[in-house]
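Spelled out, the chains give:
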Amino acid sequence: MATFDKQKYLYKRPHALADVVTNYCPGCTHGIVQRLVCEVLDELDIEGDTIGVCPVGCSVTAYDFYNCDMAQAAHGRAPAVATGIKRALPDKVVFTYQGDGDFASIGTAESIHIAARGEKVTTIFINNAIYGMTGGQMAPTSLPGQVTQTSPYGRDVAYSGYPIRVCEMMQSLDGVAFMERVTVDTPSHIRKAKKAIKKAFQYQLEGLGFSLIEVVATCPTNWGMTPQAAFKWMEENMIPYYPLGNFVDVKAEATEEAK
Amino acid sequence: MAKVLMKGNEALAEGAIRAGCRHFFGYPITPQSELAAYMAKRMPKIGGTYLQAESEVSAINMVYGASAAGVRVMTSSSSPGVSLKGEGISYLIGADLPCLIVNVERSGPGLGGIQPSQGDYWMSTRATGHGDGHVLVLAPNSVQEMADFAAKAFELGDRFRMPAMILADGLLGQMMEPVELPEELDLADLPEKPWALTGTKLEREHHIANSLAMEPQDLEDMVLSRRERYRLIKATEQKCEQIMVDDAEVVVVAFGAASRIALSAVNAAREQGIKAGLIRPITLWPYPVDAVKAAAQHAKAFLSVEFSTGQMVEDVRLAVNGKCPVNFFGHTGGIVPDPSEALEAIKLSLERADSGEDFEILPFESKLGLDGSFGKPQAYAERTA
Amino acid sequence: MDAHNMNILLAGFGGQGVLFAGKLIASSALIDGLEVTWMPSYGPEMRGGTCNCSVCLSEKPIGSPLVTEPDVLVALNKPSYLKFVDAIKPGGICLIDQSLIDVCPERSDIQFVAIPATKISEDNDLQTLANVILVGQLLKLTGFSTVEVLEQAIEHSVSAKHTDLIAPNKMALKIGYNAVNQADCK
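Protein chains in written order, with the working numbering: chain A, 1 to 259; chain B, 1001 to 1385; chain C, 2001 to 2186.
Because the hints were derived from the structure by calculation, they are not lab data. Be aware that one or more of the hints could be misleading.
[As the list claims (entries may be wrong)] In silico DSSO-like pairs for lysine-lysine, Cα to Cα no more than 30 Å straight-line:
hint : chain 1 : residue 1 : chain 2 : residue 2
1    : A       : Lys259    : A       : Lys199
2    : B       : Lys1003   : C       : Lys2078
3    : A       : Lys92     : A       : Lys232
4    : A       : Lys198    : A       : Lys8
5    : C       : Lys2119   : C       : Lys2060
6    : B       : Lys1239   : B       : Lys1003
7    : B       : Lys1003   : C       : Lys2119
8    : B       : Lys1193   : A       : Lys92
9    : C       : Lys2060   : B       : Lys1300
10   : A       : Lys199    : B       : Lys1347
11   : A       : Lys192    : B       : Lys1300
12   : A       : Lys92     : B       : Lys1275
13   : C       : Lys2119   : C       : Lys2089
14   : C       : Lys2140   : B       : Lys1041
15   : C       : Lys2140   : B       : Lys1275
16   : B       : Lys1300   : B       : Lys1323
17   : C       : Lys2078   : C       : Lys2060
18   : A       : Lys195    : A       : Lys6
19   : B       : Lys1201   : A       : Lys12
20   : C       : Lys2083   : B       : Lys1003
21   : A       : Lys232    : A       : Lys195
22   : B       : Lys1003   : C       : Lys2170
23   : B       : Lys1275   : C       : Lys2078
24   : B       : Lys1347   : C       : Lys2170
25   : B       : Lys1045   : C       : Lys2140
26   : B       : Lys1239   : B       : Lys1193
27   : A       : Lys6      : A       : Lys92
28   : B       : Lys1239   : B       : Lys1275
29   : B       : Lys1201   : A       : Lys8
30   : B       : Lys1045   : A       : Lys92
31   : A       : Lys259    : A       : Lys198
32   : C       : Lys2161   : B       : Lys1347
33   : A       : Lys12     : A       : Lys259
34   : B       : Lys1239   : C       : Lys2119
35   : B       : Lys1201   : A       : Lys195
36   : C       : Lys2083   : C       : Lys2161
37   : A       : Lys92     : B       : Lys1201
38   : C       : Lys2161   : B       : Lys1003
39   : B       : Lys1201   : A       : Lys198
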């Protein structure tokens, strides 16, 4: 017969996650991903040696949400800022947390080159197919036909070009040690996402190269949907365009080759 | 220590290393490339970082990261590249982060040319990026000062927690002169940076490098506290060299490479019995207002000599405040003025001192009101002979 | 010619060692304790492009390091000779590599010296050292320094990777010093 004489925390705020109110909308996936990052910092016991870099976008004030040291970067420049920190303090753990406009548009050069250099940095890339903070404009990852404030008639690919699939594009760069596309719409996906994030940090700790986790995410507010409807729209529209899965894993490749 | 013959760009690089700089991020551009090449050669041998960034924009943001991490860090470029760095410089200012930015100026605007210029005076002293802030600006005029000013710039930047710039030009960067290299600082003696992002070790509150303040009141407070620092800097850090200014009737003001041409002209003027003197601003920001003001008490006219169409001349006018004419002579496009031209401008400044009117001498300008074909000052001398 | 207060312009094609020749002169001035500046022309990197450098020697601090009216022109090719010969100050010196420049000056107010530097270098198995041969000749013409000091300057200026080039450079210097003016202009 089960007894309940010992109390045990099954769920609590990670130490790395600051006890503050965030500026994220209700139902936003930023909160989930941020928590996962903090859980990983706790589990790997690296919070005290980690420096995070937050971008411009909805997570612009994320420096207040983490208990580790944080730098705020100019729009798109988080990979460069992270590079500067890592080169000055090679023994520290450095991560960036960036959205699609930041990572895949204004900061494309920085993003590609941090990967090409194999900088020992981890990037969490949130792809929600829209600019959230500025009020719902077309993003580099907005889908064909997607209606946004700046594609009011739907994204016309003949006129505005095609969305960028970041993982597929960066897959060819030899500096990437680990790259996986995940999402956080269901408990099982959340568990998978955490596993990937943890691996990304572990690969950094092992000095294997650049690691990137793309999180296919939602923006209920700017998509004009409820959080539930947003997940449904994401599942039906985004996941087919941005298939989940692992793109690079240098360790697995090494094992494969050994076979 | 014995003198060695070195290019200005290389002397500056070695000076920075001896000042404790172990981190350099840059991108190739003429005429500063020797500086980056020197760093690429030296840094790996002394445990430092030389990283060629994917762009100037990235380079300055790497500087931001390394500075936030608490190390002495620098970047160098030439005019168009410094334009690109403008964004990052603004963020460094906003986050109160020190660093050294070197601009070995070439002529502009746009792609312009690659020959020496001082056309970035405004950019450097007024708006290196958006917003409401400043960088410290030092102007060397010899290879020796290229070597010496790196330590000065790092010291000032660390003390006031702001970026410092060395504003040189292609002439100073490319030329070789004998130089006595400064003494090497012990890395252990560098100033501590208790604010740096070095990891909390779970022993302290987290540090944040940030320029964002969403609340207007918070931002005003931040900007105003920075302004207090600026006020202190203006009161204590103005530096200039004064040569024969005490009895000067015509005070020439020139900085950097232009001051060498100006000094030749001032010496030639003295040989001809003209009481000319030279104020050479060493700090361009803060501008040596006090020295110019003091000279305006006795001078009949000022003459600003620049490798531009006249930028610093506005600071001279602000300091002179209408007490006497403030004239301008310059070349641009990468043409280095000849001392003989500057001498003619000195003579003209004296002749026209009583008119109360300022004049400008630029090729193809006719602002003298003499005729529309004014070219070089020699032409003026011939016409008035 | 006041050899301690002299502005020199050296000009030729890229690859002829124009900048190195200037550097030797500047290094000797450093050893002699003179004020000195060395300023190269710079432009887009291009093999075979024109190239020049200004060297100012002075007993007083030097203003502009750019030489626009040289006391001495050392010309290593014809385009450079044609470009700069008229800029030489009256009473100045024009020293040319006669192997590559087939001219007689129209000016009578300058000293004109021509030695077949390239041919001499080839005859003595000192290929590519016509530049140093000209420096040797300039030393004799003006006495801006001494052979001993120039030899030191060579030791300082030749890169550590090429110490085997020190001896040929010294030889070129001496051969240039002893070369005889071949200018034959009536």
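Evaluated hints:
1. Lys259(A) / Lys199(A): Between Lys259(A) and Lys199(A) the Cα gap is close to 22 Å, so the pair holds against 30 Å.
2. Lys1003(B) / Lys2078(C): Measuring from Cα to Cα gives roughly 36 Å; hence the hint is violated.
3. Lys92(A) / Lys232(A): Outside the cut-off at roughly 39 Å; violated.
4. Lys198(A) / Lys8(A): holds (24 Å)
5. Lys2119(C) / Lys2060(C): violated (38 Å)
6. Lys1239(B) / Lys1003(B): holds (25 Å)
7. Lys1003(B) / Lys2119(C): Violated, at about 37 Å.
8. Lys1193(B) / Lys92(A): Holds: Lys1193(B) and Lys92(A) sit about 17 Å apart, inside 30 Å.
9. Lys2060(C) / Lys1300(B): At roughly 29 Å apart (the allowed maximum being 30 Å), Lys1300(B) and Lys2060(C) satisfy the hint.
10. Lys199(A) / Lys1347(B): violated (75 Å)
11. Lys192(A) / Lys1300(B): The hint is violated at about 80 Å.
12. Lys92(A) / Lys1275(B): violated (62 Å)
13. Lys2119(C) / Lys2089(C): holds (29 Å)
14. Lys2140(C) / Lys1041(B): violated (38 Å)
15. Lys2140(C) / Lys1275(B): The hint is violated at about 41 Å.
16. Lys1300(B) / Lys1323(B): holds (9 Å)
17. Lys2078(C) / Lys2060(C): Violated. Lys2078(C) to Lys2060(C) sits at ~33 Å, over the 30 Å cutoff.
18. Lys195(A) / Lys6(A): Holds, at about 29 Å.
19. Lys1201(B) / Lys12(A): Measuring from Cα to Cα gives roughly 21 Å; hence the hint holds.
20. Lys2083(C) / Lys1003(B): This hinted pair is violated, its Cα atoms lying about 35 Å apart.
21. Lys232(A) / Lys195(A): holds (23 Å)
22. Lys1003(B) / Lys2170(C): holds (23 Å)
23. Lys1275(B) / Lys2078(C): violated (45 Å)
24. Lys1347(B) / Lys2170(C): Violated, because 49 Å separates the two Cα atoms, which is more than 30 Å.
25. Lys1045(B) / Lys2140(C): violated (43 Å)
26. Lys1239(B) / Lys1193(B): holds (26 Å)
27. Lys6(A) / Lys92(A): Roughly 38 Å separates the two Cα atoms, so the pair is violated.
28. Lys1239(B) / Lys1275(B): holds (23 Å)
29. Lys1201(B) / Lys8(A): holds (27 Å)
30. Lys1045(B) / Lys92(A): Answer holds: Lys1045(B) to Lys92(A) is near 22 Å, not above 30 Å.
31. Lys259(A) / Lys198(A): holds (26 Å)
32. Lys2161(C) / Lys1347(B): violated (53 Å)
33. Lys12(A) / Lys259(A): The hint is violated at about 42 Å.
34. Lys1239(B) / Lys2119(C): violated (55 Å)
35. Lys1201(B) / Lys195(A): Holds, at roughly 25 Å.
36. Lys2083(C) / Lys2161(C): violated (35 Å)
37. Lys92(A) / Lys1201(B): Status holds; Cα separation ~11 Å.
38. Lys2161(C) / Lys1003(B): holds (22 Å)
39. Lys1201(B) / Lys198(A): Status holds; Cα separation ~20 Å.
Of the numbered hints listed earlier, those contradicted by the structure are 2, 3, 5, 7, 10, 11, 12, 14, 15, 17, 20, 23, 24, 25, 27, 32, 33, 34, 36.
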